[in-house]
Amino acid sequence: MSDTQPNTDTRGFARKLADIDKTAVAPFLALAALFVLGALVNPSFIGIDNLLNVLTRSSFIAIIAVGATFVISAGGLDLSVGSMSALVAGIMILFLNSTAIDGDYAMLAAGIVIAIGVGAGAGLVNGAVTTIGRIEPFIVTLGTMAIYRSVTVWLANGGSIAMKSSEMRNLFRPVYTGTFIGLPIPVWIILAVGLLGAFILYKTSFGRHVIAVGSNEDVARYSGIHVNRVRAMTYVIQGICVAIAVIVYVPRLGAATTTTGMLWELQAITAVVIGGTALKGGVGRIWGTICGAFMLEIVGNIMVLSNFVSEYLIGAVQGVIIIIAMLVQRTLQRKG
Amino acid sequence: MSSHAATQPTSLPVLEARNIAKAFGPVEVLTDISLTIQPGEVHAIIGENGAGKSTLMKLLSGHLQPTRGSVAMDGEDITLAGPVDAEHRGLVLVHQEILLAPHLTVAQNIFMGRELKRGLMVNDREMNRLAAEAVRKLGAEIDPTTTVSRLSIARRQLVQIARALQVPHRVVIFDEPTASLTPYETEALLKVIRNLRDQNVAVLYISHRLPEVGAIADRITVLRDGKLIATRNASELQPVDMAKLMVGRDMSKLYPEREETATRETMLEVSNFDVPGYARDASFTLRKGEILGFAGLIGAGRTELLEGIVGLRAAHGHVELNGKPVKFHSVRDSMAAGIVYLSEDRKGKGLLLAQNLRMNLTLASLKKFTKGPLIERKREEQGLDKAIAEFDIRARRRDLLAGQLSGGNQQKLLLAKMMLLDPSIVIIDEPTRGIDIGTKEQIYKFIADLAKAGKSVIVISSEMQELIGVCHRILVMRSARIVGEVTGDAMTEDEIVVYATGVKTNEAELYSTGTA
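From first to last, the protein sequence lines stand for chains Z and D. Each residue of the first sequence is one higher than the one before, starting from 342 at the first, in the numbering used here. Each residue of the second sequence is one higher than the one before, starting from 775 at the first, in the numbering used here.
No lab work stands behind these hints: they were computed from the structure. Keep in mind that a hint or two might mislead.
[What the hints assert, rightly or not] Derived list of chain D stretches under chain Z, where covered just means 3 residues or more per stretch with a C-beta under 8 Å from a C-beta of chain Z:
1. 1105 to 1113
2. 1128 to 1134
3. 1142 to 1154
[What the hints assert, rightly or not] Examples of chain Z residues lying across from chain D (beta carbon under 10 Å, computed):
4. Y543
5. N557
6. G565
All residues carry an ideal CB built from backbone N, CA and C; glycine is no exception.
With these hints in hand, go ahead and build the complete structure from the sequences.
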């Protein structure tokens, strides 16, 4: 994953190369390496259809991980995103199954608004408890992870919550299966969420405050920044991202089960970390995160296409990836 | 600088630095230092922050290896493989910071890593007995079963020294041991050191507190900018001469000429102000154009009082700004009212060390650099240009991180950051801590210029000379209260110490009584 420095280059070029922030480039180099590996393992991997398919499947994690980039850059952590996905999906479907509003389109629009509201609310709970209660986010979100999951199981009566109306299903399905100018809609949504996330994090004063709070909370406070408000807001953004992911997820299966979103928190955090965001806060890389989410899905895809490792071991491979990513990040930072 | 050499004692030096030099990368921080330490001698090393004192100590105690030159014991060159090797040879370093486990007992700390055992069990009874004895040797009585967290800083330091002296020792190195001690505690420590000297132990004593150096040392070596300036017998040097050698120029030029910029107009009036646990019933006024000093020992509550006033701590009391009562619920409120506070903890509370200069500069005043929610990068860059020129921030490159700047440039960046808020009252806590002498001069001038421009300044400092040099008036705090005010000709170290310690005595007398 290290950059190669040819001997022929001039000093100026070498210095420029050394100046590049290696932690920012590393994920994209890793992605390129995976492309090569995938192509070698199975030529069909590199086909445009397969790649778009992989990208589409990575959309849930990519969208959630954009939110996680905010939380982690501000020095927080959210373990509840998987359970929260299940909860938001469950409530959204329950609403769609009701006949509260006339007209399918209006119903669907209201469902989307409700999903986003529930996500933002669930995020606000995480944010408020961590900041006002001054409890470690690890503990708070471990708690809400259990709560959100358990409420979902209760709502589903231990089974699953499925969309009843087939018209509604047909209406909603294109959000996951449809295409627009040749690209699947989930890919457009990833792009939109990424652009918006990058804009907020890099260009606005709120984004600047997120980085400042994650970099050193005391300095932020002494500089007159609303530390608690900024922190809480990152969890709300996380909740909204979960809701957007759910809006892409629900039309895929048309149901929420007790295992919906299982281990998504692990994948989202992994995507953020391999994307170059510092787990201790103060650095956030939106596009690195999306690249990380894509890599996780590619690894799975390569495992399916090859016969080296059983695909049942995909969780183990992802676990190994996060540990290696941390090691690489630390080594690069020490050199830089 | 020519120095008439100190009289060389005739016996063989127990420890010697022979043309020792140390470089970190291309930067040489210590150049050709040669000095000797005799048994039964207290040899003081003095110098400004950054003069190379600590580096020299680390070389002599095996924590660092010299780039050139060598360390010799009993006249023979040796290589110290590390601090453990040094201890085996009888070279003991007493660290400046307290390195004890707070939840363990005094005896457990003294014997940590070398516990006495009886079979498989630790022999607590024997360790307690020996620990009590070791502490008694230092002239104190501490129950060896007390947990360290319940001891005062001074007593912890005694425990630390007792621990260090458990090793058979021939040379004991003290690195700024009195930095956090009151004069009484300092005197107790000096007694311990005299005791060691009487036992023919060689003592190397690092400090920048000149009166106590004069009181304890037999010989004094002055370092400046990594070079040895002079080694003299202590009897030949007055504190004033020591200061001149340390700074390399006349100290009086360090401070700008005092101008009576203070007007009669009251800017800030604080009355009956409480910061629970830190400050009680504080009342004072600050006039327009005035530079007001806050003196006192560490822990007297100065920082906490002013943090309370600007809304950084829970506090209550009455504050009037320009004659109008105000209440600052958070530091945002006081900033909006035109009061800024620059923390003493520059690295922990002032600057984001891992971020670049631009982000640090604009952090507190981001609103000035935004259009709607959008940050205007170009305006930020212009702001940085201006700050670099105006505050003389010296950075090799613009894209450096704040943590890569020297202490002096960090302080200038912090000043620039806070001045962007266009304050009318500037509170600076320890403005020159860890800063080189050249930058100190710039900062003093900057403070004087602020007052000249009609702003009011509060300076909190533990360096009494600095307060006397720049302030119009000094308030002294002791144990959470403002106990005195000195102005005009009464602004002397002696007068401040009287209030800071709560006794009618002065530091120099206190030290001299110890030798009686």
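Comparing the hints with the structure gives:
1. Look at the stretch 1105 to 1113 of chain D against chain Z: 3 of its residues bring a Cβ nearer than 8 Å to a Cβ of that chain, three or more, so the hint holds.
2. For a cut-off of 8 Å, the count of residues in the stretch 1128 to 1134 of chain D with a CB near a CB of chain Z stands at 3, and the three-residue condition holds.
3. Counting residues of the stretch 1142 to 1154 of chain D whose C-beta lies closer than 8 Å to any C-beta of chain Z gives 4; at least three are required, and the coverage claim holds.
4. Annotation: interface hint on Y543 (chain Z) holds; nearest CB of chain D at approximately 9 Å, less than 10 Å.
5. This hint holds: N557 (chain Z) has a C-beta 5 Å from the nearest C-beta of chain D, less than the 10 Å allowed.
6. With a least beta-carbon distance of about 4 Å to chain D, the hint placing G565 (chain Z) at the interface is held under the 10 Å criterion.
The structure meets every hint from the earlier list without exception.
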